[in-house]
Structures are given as structure tokens and as C-alpha cells.
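Q: Letter by letter, the chains look like this.
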Amino acid sequence: MTNQELIQLFAEALECEASSIDPQQPIAAYGEWNSLAWLTIISLLDERYEIQLTGKEIRGFVTVNDVIESVTAKASVA
Amino acid sequence: MCARIAALSYYLPERLVTNSDLQAENPTWDMERVGQKTGIESRRVAAADQTATDLAFAAAERLFSNSSVRRDEIDYLLFCTQSPDHALPASSCILQNRLHLSVNCGAIDFNQGCSGYIYGLQLANALISSRSARNVLLLTGETYSKYIHPQDRSVRVLFGDAATATVISEDRPGALVVATEVGTDGAGCNNLIVPIGGARRPYAGESLREVCDENGSIRTEANLFMDGQELFAFTLKRVPALVNRLLEKTGLTAEQVDTFVFHQANAFMNEHLRTKMHLPKEKVPLSLQDVGNTVSNTIPLTLSRIAPQLTPGSKVMLVGFGVGYSWGACLLEWGEVEVSND
Numbered sequence: 000m001t002n003q004e005l006i007q008l009f010a011e012a013l014e015c016e017a018s019s020i021d022p023q024q025p026i027a028a029y030g031e032w033n034s035l036a037w038l039t040i041i042s043l044l045d046e047r048y049e050i051q052l053t054g055k056e057i058r059g060f061v062t063v064n065d066v067i068e069s070v071t072a073k074a075s076v077a
Numbered sequence: 000m001c002a003r004i005a006a007l008s009y010y011l012p013e014r015l016v017t018n019s020d021l022q023a024e025n026p027t028w029d030m031e032r033v034g035q036k037t038g039i040e041s042r043r044v045a046a047a048d049q050t051a052t053d054l055a056f057a058a059a060e061r062l063f064s065n066s067s068v069r070r071d072e073i074d075y076l077l078f079c080t081q082s083p084d085h086a087l088p089a090s091s092c093i094l095q096n097r098l099h100l101s102v103n104c105g106a107i108d109f110n111q112g113c114s115g116y117i118y119g120l121q122l123a124n125a126l127i128s129s130r131s132a133r134n135v136l137l138l139t140g141e142t143y144s145k146y147i148h149p150q151d152r153s154v155r156v157l158f159g160d161a162a163t164a165t166v167i168s169e170d171r172p173g174a175l176v177v178a179t180e181v182g183t184d185g186a187g188c189n190n191l192i193v194p195i196g197g198a199r200r201p202y203a204g205e206s207l208r209e210v211c212d213e214n215g216s217i218r219t220e221a222n223l224f225m226d227g228q229e230l231f232a233f234t235l236k237r238v239p240a241l242v243n244r245l246l247e248k249t250g251l252t253a254e255q256v257d258t259f260v261f262h263q264a265n266a267f268m269n270e271h272l273r274t275k276m277h278l279p280k281e282k283v284p285l286s287l288q289d290v291g292n293t294v295s296n297t298i299p300l301t302l303s304r305i306a307p308q309l310t311p312g313s314k315v316m317l318v319g320f321g322v323g324y325s326w327g328a329c330l331l332e333w334g335e336v337e338v339s340n341d
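From first to last, the protein sequence lines are chains R and V. Counting in numbering that gives the first Met the number 0, the first sequence runs from 0 upward without gaps. Counting in numbering that gives the first Met the number 0, the second sequence runs from 0 upward without gaps.
For the record, the hints were derived by calculation from the structure and aren't laboratory data. Hints may contain errors.
These stretches of chain V come out as covered by chain R in the derived footprint (C-beta under 8 angstroms, 3 or more residues) [unchecked claim]: (1) 31-37; (2) 232-241; (3) 332-338.
Don't be surprised by glycine CBs; every beta carbon is placed ideally from N, CA and C.
Isolated chain R (complex conformation):
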């Protein structure tokens, strides 16, 4: 799983172009990154990589990079 694949996954959930997602940006900068988008992200991560994110983890994410780092760390353990 590469960072680019993850950004592509976020773009799918947010229904936008991958190029419009900047990993350094706070998630709050993306208006459409709401609770519904998170449900899609949870479902896609589970479907493609069998990785599960908890609500507590999600609440702790500030930037897109935080999500990427957490998911990558989980993938390396699994």
C-alpha cells in the first residue's frame, strides 16, 4: 500500500480528484470530509486492506498525513 493509493482512496470517499488532496493540509480544510465520508473511508480500508479504524483514532487525526501514517503503521503490523 503506497501513500498515493491511500490518497486515491480518500479521493474516492470525498468524490474529488486525488490531485486536490494535500497530505499536509488539516482534514478540516476539506468541507466534504464529514462523518459520511469517514464511513466510506472506514469501509474502503476494511474492504481493500482489512484495516479497521476506530472512532477514537479518527477523532485524533488532524492532517491527512496523520491518517496515512496511522493506516501505514497498521498495515505493517498486519
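With chain R held as given, fit chain V onto it using these hints.
A: Then chain V, alone, in the frame of chain R:
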């Protein structure tokens, strides 16, 4: 002694709240997208003076009118609700009287949500197997609408009110209760909760203050709170394992089960669960478009609606999961069930 579901019915309150109604009331909500994701277009909501016992009463009366079961045959009443009429007495006692059931009839409430119907079947099966009862009336009735803040999008779009009635009998034809499996993880108790109003945290002025969360939803602590992401994560973790445990217990493979009736949480979550478990679409009915998530009612309501398509002898697995956390599954061998539909 075998326990069989002999008769089934449900009742929906009259008031209809459509996605367009919610859109008009809350211009910032994107109800088109909510409708696409949840699969819910409208829900029924109890009137201000209508409670879960009123709905359950109507469901039971419909069952007695449309089936061969007589009320004097009922010797045990189980009522599943999380919105009882009073802190005490038990709502089931009120229902025993309103339904003119025998005074020799047992009556208890049990507080479960989305797993409640499975618990009801398991208890009814145990009562019949132990010769404690011959005909159990299992009622589910829920009015989450009374706990929901009108401006809390996260729950208002999802939940609907409803009631169902089921008779489980020792000597009538019906759908055989083959096996059940349940589980609990109270560590998730705060993720779907009405925080105050019970003995732990009685009503107090400050806790009735309205708070706006990061998604713009408004609620007080006397309202229903749901952490949808946690619930989704819990479901993915527990439900496939639950289904596998019941398959193992009954010696069946998923292919040998003809129909899976899952708790109807929302279309998005149910579809994800279905694909995760590699189940074909035609084996997994969805019925929440016009009623929403009706908590303990979703499984018997769906079962009532699909009953005409079920063939005797077919294997039907019921799977409930949610508030608690609590989960349960039940395998039925379908038979002649007297179903009262709309």
C-alpha cells in the same frame, strides 16, 4: 420440546417524515446524499401522546385479528423496549392488562435494542423448552424519536418508530427456532446512549443545555447520542464472527443458508457487511427505505415483509447487533407462519 414462530405482525405509527420534510426543516443538511448513503427515504414517527406500548398494543391486536392465535392461549409476554412508559412498573404489565391476557400470564420487559429480537426468540425458546410456557407473545416496540433532538442529523435521518408482535408456540406449525448465539461488550456502552435520565445521572438543569458538535448536530445529554464511526467499527469486528459462530454451531455453510435477515442499520453499512461476508444480494433483503432503522423491530418487520417469498424448509438466519454493545443471531427453519402484512 420445539419452539416455533407461529404468527407475526407489525405496526407503524401514521405520521410520515420524508427526507424532503427534513430538508425543508434543515436547509444545511444534504438529504439527497444522506438518502443515497442510508437507503432511507422516509420514516414513521410516533405522535406526541403515542408511546412504545401503544404501538406494541396495535401490533398485538393486529396479530390476534389476523391469525388463529387466541389471546387466552398466551401464557408469557416478553416486551423488548428501550422507551418504556414509566421507570416502573414494567410496560409488559400495562400491556397484559390492555391486551386482556390471562392473569396467569408471565410478563417482563427487557431492555435491548438492535439485538433485542434475537434475545426475545432465545428467551421464548428457553421458556418453551423448559415447559415454563406454551405460547409466548414477544413484542418489540420502540420510539427513539422521543430521545432524538430535532437538529441532530446523525440520528434523526436514521431512526424510525415501530412495533412488532410474534407468537412463539410449542404446538403450532411455524418457523422452527434451531439455534441461537449471543454476545456482549459493555465497553462500547457510551457510543450509543441517552446519558441522563436514569439513576446514575438524574435530570439536572445544566445537563439539559444544548451543545453543537463538530458536525453541526445539536443535542442535550437527555437526547440520544450515537458515535456512528465507532458503531461501524464494532459491526465490522463482531458481526462476521457472530455469523461464523452460529454456522459452526449448526454445522452449516453460508451457502446452505437461504436468507440472511440482518438488523437494518442503514443501507451503506448493511451492504458493506454483505460484501465483506461474500453473500449474494438476493439472499440479503433490505427493507428500510420507507421505515428507517427501527431498532429491535427491523428484523421481525423485514421477516414479515419477505415471508411470502420464503419457502417451507428453507434456512433463515437472523442477525442483530448494536446498542450495548450487544449482538445475537438465530437460525430458523422456515415453516407455515401466519403473517399479517399491511
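Q: For every hint, state whether the structure bears it out.
A: A quick look at each hint next to the structure:
| no. | hint | result |
| --- | --- | --- |
| 1 | 31-37 | holds (count 3) |
| 2 | 232-241 | holds (count 3) |
| 3 | 332-338 | violated (count 0) |
In this structure, the one hint that does not hold is number 3.
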